[in-house]
Amino acid sequence: MLDPFATLGLPRRFALDPKQLEGRHRELSKALHPDRYAAAGSGERRLALSKAIEVNEAHRILRDPVRRAEAVLKLSGLEAEVGETREPKPDGAFLMEVLEAREALDEAKASRSPARISSVVSDARAQHAAALGTLGAAIDGALGHAVDLESLRKAIPLLGRLRYATRLLDEAVAAEDELAGL
Amino acid sequence: MLFEIFDPKARPRPIGIDLGTTNSLVAFVRDGRPVCVTDCNGKALLPSVVYYAEQGVVVGEPAKETAAEHPRETIVSVKRFMGRGADDAETRRLGPYEFAGADEAPNRRVVHFKVNRQVVTPVEVSAEILRALRDLAKDELRAVGPAVITVPAYFDDAQRQATKDAGRLAGLEVLRLLNEPTAAALAYGLDKKQNGLFLVYDLGGGTFDVTVLSLEDGVFQVKSTGGDSALGGDDLDRALAHALLAKAGVDEAEHASPALVRTALDEARRVKHALTDAPSAAFALAEAKGTVTRQEFEALVKPIVDRTAAPVRRALRDAGVSAADLDGVILVGGATRTPLVRRTVRELLGKEPLADIDPDQVVALGAAVQADLLAGEQLANAGEDVLLLDVVPLSLGIETMGGVVDKIIPRNTTIPTGARASFTTYADNQTGFELHVVQGERELAQDCRSLARFTLKGIPPMPAGMARLDVTFKVDADGLLHVHALEGVTRIEQSI
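Listed in order, the protein sequences are those of chains C and W. The first sequence: position 107 = 155 (my numbering), numbered continuously. The second sequence: position 261 = 1598 (my numbering), numbered continuously.
It cannot be assumed that every hint is accurate.
Going by beta-carbon spacing under 8 Å, a handful of chain W positions derived as facing chain C [as the list claims (entries may be wrong)]:
#1 E1553
#2 L1711
#3 L1726
It should be emphasised that the hints constitute simulated quantities derived from the structure, not laboratory data. Since we're looking at a predicted model, the values are computed, not measured. By construction, the Cβ of each residue, glycine as well, lies at the ideal position given by its N, Cα and C atoms.
So that you can see chain C by itself, here it is in the shape it has in the complex (with noise of 0.2 Å):
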């Protein structure tokens, strides 16, 4: 697989500066962008653009949490583990706390209330934020000189609470943007 770190000469760890990531994308950009090989050969016009995918793809995933943890732990060794479907499927207490989040944002849709849904948003808001904050704090703790994989893999039921809280921010928002008439 792509190893999105390797493209864009970024450590291989969780937390990131985005505006590290944003100066590398922008740098690689200019020497492989199409413009610059405009005069050159088609075989490296081709190679220029096939790297220039790449480091978009690349800049894509790492600006992604989830997709950035995935990229993690599977370049970690633990490619056969992670990914929807492979995940284990997360515990009882915690798919509770997604259906009360859920009947909540319901409600909160039925209402039309700008004010209501502003609160789930706000309610999801912090929950994604929270999710972000374990699951960086369990990847890049198991990310010592060398990867304890146990310690990773107790990162995976996380990601599964992350991808929840993602999935329940966009809705939040979208349903908060409809009501603005966006």
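Since chain C is already given, all that's left is putting chain W on it; use the hints.
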């Protein structure tokens, strides 16, 4: 430089073209600065109007002047029809045209105008405008080099492809299709050399585009783009034309002949321009005379101008920024001269918009700068290291079971880009696989724009779910999509 004018072996110079809905322009870089080419009357704007006369094709001002006499033979605002199908809603809006039916033009994916006993497509009409621009440039430059042609950022794949085809048909080497807002920012950014975050509000004749982009270390990066490809200054004219017809006591359904509709639209445009500087303006239509106040006009068009607010908010949201983060707001398009539009932008973004470059010329000037950069003719003083990173304006996907769209490349992905998705057969012994490529944000394929359908045939009979179809999407630097499908067992493949 007289000697250059008479040099028979003048070096071909790259040109930038703004192929607009209402007007088109061509520009090039002279002594390190972009300038628009003007005609013998000193005008830079070529009306995007094509008249198919008995004797031949007439383009520009003379075609515009006689449009009212030949409403069916004169194509105005052809850009609205680029890449559109014969049965699209856009094709049936208020307009004097006659369209070819299915018997004369079986390809319903393309609009066919009937003009003077011949049938022409929007690509052919646009090629006439591009040819006129090329000739204009040739008078000035002697030798015309490759061209950058601008398109609205919101143009979908079919509309972009049609624009490129028109360029080729006009005998131009098309270096690049460039998004209009990006071109505008390029014109501003190079002049001012300032890093920062900008929003381009482009209300053209027929399209509304909004783009958020950053300029850092010589890299223009589009952060998000949005808009409405069926909203523009023409809609302001249309709203006013309806009102003028009503004031003149004309029952539109009963008595509005194509010629009268054309006259009403022209009169509406004239009145709109007059109201930019004056509080009221006189009109004359079908023997009726009267005045329209700016207040009256603004009340008529406010609902249209207000429709630009949602795409602006959405573009800010998609870029992950708020209005307060913006360092500048750039106005593009003649319709942004309308005072109500400026007021709306100011209220929406809390900033006085920039307008020191002519909003009609700024896109063509930026296109000329880009053409110059691409052709390797670096600007003498400013162009050291400028690069544009554009994005996919609308998500690209494939229709799956139940008509639901599987998004393969989400909107606002930096181009060039590629992505792959795998599909499988859903019935036993299925030997063909139909792929429907769509573009848009809606969940169901029927609500998105259909780009192409193709069938991969010859898959050997297998149980359902055994065949593996890999579909690769690639979007090149022009924003054009290339699709490739490969069946994994038989290695049968197909590209579009």
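For each hint given before, does the structure comply? Return the numbers of the non-compliant ones in rising order. The structure breaks none of the hints.
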